[in-house]
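Trainee: We have chain A already, so just place chain B on it with the hints.
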Amino acid sequence: AQSVAQPEDQVNVAEGNPLTVKCTYSVSGNPYLFWYVQYPNRGLQFLLKYITGDNLVKGSYGFEAEFNKSQTSFHLKKPSALVSDSALYFCAALILTGGGNKLTFGTGTQLKVEL
Amino acid sequence: GAVVSQHPSRVICKSGTSVKIECRSLDFQATTMFWYRQFPKKSLMLMATSNEGSKATYEQGVEKDKFLINHASLTLSTLTVTSAHPEDSSFYICSARDLRSGGGGADTQYFGPGTRLTVL
Numbered sequence: 705a706q707s708v709a710q711p712e713d714q715v716n717v718a719e720g721n722p723l724t725v726k727c728t729y730s731v732s733g734n735p736y737l738f739w740y741v742q743y744p745n746r747g748l749q750f751l752l753k754y755i756t757g758d759n760l761v762k763g764s765y766g767f768e769a770e771f772n773k774s775q776t777s778f779h780l781k782k783p784s785a786l787v788s789d790s791a792l793y794f795c796a797a798l799i800l801t802g803g804g805n806k807l808t809f810g811t812g813t814q815l816k817v818e819l
Numbered sequence: 002g003a004v005v006s007q008h009p010s011r012v013i014c015k016s017g018t019s020v021k022i023e024c025r026s027l028d029f030q031a032t033t034m035f036w037y038r039q040f041p042k043k044s045l046m047l048m049a050t051s052n053e054g055s056k057a058t059y060e061q062g063v064e065k066d067k068f069l070i071n072h073a074s075l076t077l078s079t080l081t082v083t084s085a086h087p088e089d090s091s092f093y094i095c096s097a098r099d100l101r102s103g104g105g106g107a108d109t110q111y112f113g114p115g116t117r118l119t120v121l
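These protein sequences, in sequence, are chains A and B. For the first sequence, counting from 1, position 98 maps to 802 in this note's numbering; every step adds exactly one. For the second sequence, counting from 1, position 76 maps to 77 in this note's numbering; every step adds exactly one.
Looking at chain A on its own, in the form it has when it is part of the complex (with noise of 0.2 Å):
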C-alpha cells in the first residue's frame, strides 16, 4: 500500500537552532511531496512540493525540504528555528489513482521551538 510515515509525534527544538521534521514515502511511480503546517484550529498552509527537478526545494517561511530518492525520504528542514514555527506539520503524497489524484497524509509530528 502506498503511504507516508512521520516517524516522531514530536520534535523539540530550541528557537535559533536548526530543525528538521522527517518524512518517509512509499509510492508507486515518481514520487510528488508535500509539506503542509497546521496552526491550532485552522486549516493547513501549504510550504513546499516536490514534483522533479532539484532535490532540494525551498518553501514559504524559509522552510526547505531535502528529496532523497534512495532514502525514500522527504526530510523538512529550516537553518534557525523561531518560536512562531511550533505547530503541526504534514507530509503528504499525492497518490495517483483510477479515481482521480489524492493526498494522503503523514501522521502529523508536532513542533516545539523553545526559547
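There's no promise every hint is true.
So these bits of chain B aren't anywhere near chain A, every CB distance computed over 10 Å [what the hints assert, rightly or not]: (1) 42; (2) 73; (3) 76.
Here are some chain B residues pointing at chain A (derived, C-beta under 7 Å) [said to hold, decoys possible]: (4) 45; (5) 50; (6) 94; (7) 109; (8) 112; (9) 113; (10) 115.
Simulated from the structure, these hints should not be mistaken for lab results. Being a predicted model, the structure only gives us computed values, none of them experimental. Where is the CB? At the ideal position from N, CA and C, for every residue including glycine.
Mentor: Only chain B this time, still in chain A's reference frame:
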C-alpha cells in the same frame, strides 16, 4: 496566492438536525474539491472528492446519504451533515485543487480554515 474559505468556522447544533458547510475558492476556479475530517491530534481522513457538475466520489466507509456533497459551481462546494449525531462532532476541512499550480496532475491542494462541528 490561492485562498480557500469555509463557512461557518464553528457550529453547534442539536442531535437530529442538519448542518451545511460551505467551501469556496476565492481567487481561482476549482473543478475538484476535497472534504476531510480530522479528529483531535490525528491526521486528516479524506471523506470524499467533490467534482463540479457531477456526483461526488466517496471514500470507503463514508456514508454518502449522511454526508451530502454538492459542487454546483467552479468556486463552491457544500457538505451537508444530515441528521447529525454526537459522533459526527469533528473538525471538517475542505481543500481545492489549483490547476495553475503544477503539471502532470501534481497541482497543489489549498485548504480552507476548517469548520468545528459540535453536535449536542
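Trainee: Give a verdict on every hint.
Mentor: The hints, checked one at a time:
no., hint, in the structure
1, 42, "violated (8 Å)"
2, 73, "holds (19 Å)"
3, 76, "holds (17 Å)"
4, 45, "holds (5 Å)"
5, 50, "holds (6 Å)"
6, 94, "holds (5 Å)"
7, 109, "holds (6 Å)"
8, 112, "holds (4 Å)"
9, 113, "holds (5 Å)"
10, 115, "holds (5 Å)"
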